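Trainee: With the hints as extra help, turn the sequences into a complete structure.
What follows is each chain in one-letter form.
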Amino acid sequence: GAGVSQSPRYKVAKRGQDVALRCDPISGHVSLFWYQQALGQGPEFLTYFQNEAQLDKSGLPSDRFFAERPEGSVSTLKIQRTQQEDSAVYLCASSLAWTQPQPQHFGDGTRLSIL
Amino acid sequence: RKEVEQDPGPFNVPEGATVAFNCTYSNSASQSFFWYRQDCRKEPKLLMSVYSSGNEDGRFTAQLNRASQYISLLIRDSKLSDSATYLCVVRKPSGGYNKLIFGAGTRLAVHP
Chain D
98 GAGVSQSPRY KVAKRGQDVA LRCDPISGHV SLFWYQQALG QGPEFLTYFQ NEAQLDKSGL
158 PSDRFFAERP EGSVSTLKIQ RTQQEDSAVY LCASSLAWTQ PQPQHFGDGT RLSIL
Chain U
462 RKEVEQDPGP FNVPEGATVA FNCTYSNSAS QSFFWYRQDC RKEPKLLMSV YSSGNEDGRF
522 TAQLNRASQY ISLLIRDSKL SDSATYLCVV RKPSGGYNKL IFGAGTRLAV HP
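Protein chains in written order, with this note's numbering: chain D, 98 to 212; chain U, 462 to 573.
Derived from the structure by calculation, the hints contain no laboratory data. Quick caveat: nothing in here was measured; it's all calculated off a predicted structure. Mixed in with the good hints there might be a few duds.
[Said to hold, decoys possible] Okay, derived cross-link-like pairs now, SDA-like style, lysine to any residue, Cα gap no bigger than 25 Å in a straight line: (1) D:Lys154 to U:Glu476; (2) U:Lys506 to D:Arg119; (3) D:Lys154 to U:Lys553; (4) U:Lys560 to D:Arg208; (5) U:Lys506 to D:Arg208; (6) U:Lys503 to U:Glu476; (7) U:Lys553 to D:His126; (8) D:Lys111 to D:Ser192; (9) U:Lys463 to D:Gln138; (10) U:Lys463 to D:Ser155; (11) U:Lys506 to D:Leu118; (12) U:Lys503 to D:Ser192; (13) U:Lys560 to D:Leu157; (14) U:Lys503 to D:Ala150; (15) U:Lys506 to D:Ser192.
Mentor: Structural data, given as structure tokens:
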């Protein structure tokens, strides 16, 4: 089905490397969210896009984290100079609109391991 | 203190048991409330919304007490397939959009 698609499914990187995680939202969905889920924890909000505009990046842990959605569809979360504490599952979710609360549809996530 | 608090469990129960999960939230501006289910290595999926009047979906009953900022989920006649992590989630307005705040989740293991 045409759900939220994330790639890669798994990513292993050495400490200090840069990584890029991709999210393909459901077609036509205006809102896009990124979450970080550490082991044994619930998803924690990272950032929110409304079309191509990044309206909230208050959850990004540091300036090493950067997200973009240049054409209002696909989004990329980039982490520079990765650290071991960045190891987590990164979830992307999209929803149809922002004017009224809409269900968020989640992708399977990218499991990032930093060695 | 986290904005949404849950007992982490795990809850180990036999098939057929009734199990209850509790959750508290700290932000009175929270508008909507949900229970999500997350299977191991899978994404969270919406189980049910929670309404002040209480609501039921088959074996699942959810309750909300706004005055005490407390949410509960009751599962009756537990099945093996109910084994998962149950996430308590609140939605609150945040700068023109609605943000989901997740609890850490409560693990349920149903055994034969």
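Trainee: Compare the structure with each hint and give your call.
Mentor: Tested hints:
1. For the hint linking Lys154 (chain D) to Glu476 (chain U), the alpha-carbon distance of about 44 Å lies beyond 25 Å, and the restraint is violated.
2. This hinted pair checks out: Lys506 (chain U) and Arg119 (chain D) have alpha carbons roughly 20 Å apart, not beyond 25 Å.
3. For the hint linking Lys154 (chain D) to Lys553 (chain U), the alpha-carbon distance of about 16 Å falls within 25 Å, and the restraint holds.
4. Under the criterion of a C-alpha separation no larger than 25 Å, the hint pairing Lys560 (chain U) with Arg208 (chain D) is consistent with the structure, at around 23 Å.
5. Only pairs whose Cα atoms come within 25 Å are accepted, and Lys506 (chain U) paired with Arg208 (chain D) is accepted, the gap being roughly 18 Å.
6. Distance restraint check for Lys503 (chain U) and Glu476 (chain U): the Cα-Cα separation of roughly 23 Å lies within the 25 Å cut-off, and the hinted pair is therefore satisfied.
7. With a CA separation close to 20 Å, the supplied pair Lys553 (chain U) and His126 (chain D) stays within the 25 Å bound.
8. With a C-alpha separation of about 33 Å, the suggested pairing of Lys111 (chain D) with Ser192 (chain D) is violated against the 25 Å cut-off.
9. At roughly 11 Å between alpha-carbon atoms, Lys463 (chain U) and Gln138 (chain D) fall within 25 Å of each other, so this suggested pair holds.
10. Restraint check for Lys463 (chain U) and Ser155 (chain D): the C-alpha separation of about 16 Å stays at or below 25 Å, so the hint holds.
11. Distance check on the hinted pair: Lys506 (chain U) and Leu118 (chain D) sit about 21 Å apart at the alpha-carbon level, within 25 Å; holds.
12. Between Lys503 (chain U) and Ser192 (chain D), the direct Cα distance comes to roughly 19 Å. Compliance with the 25 Å bound is thereby established for this hinted pair.
13. Taken as a hint, the Lys560 (chain U) and Leu157 (chain D) pair is honoured in the structure, with Cα atoms around 14 Å apart against an allowance of 25 Å.
14. Proposed proximity of Lys503 (chain U) and Ala150 (chain D) is contradicted: the alpha carbons are some 28 Å apart, above 25 Å.
15. Between Lys506 (chain U) and Ser192 (chain D) the alpha-carbon distance is near 13 Å, which keeps this suggested pair within the 25 Å criterion.
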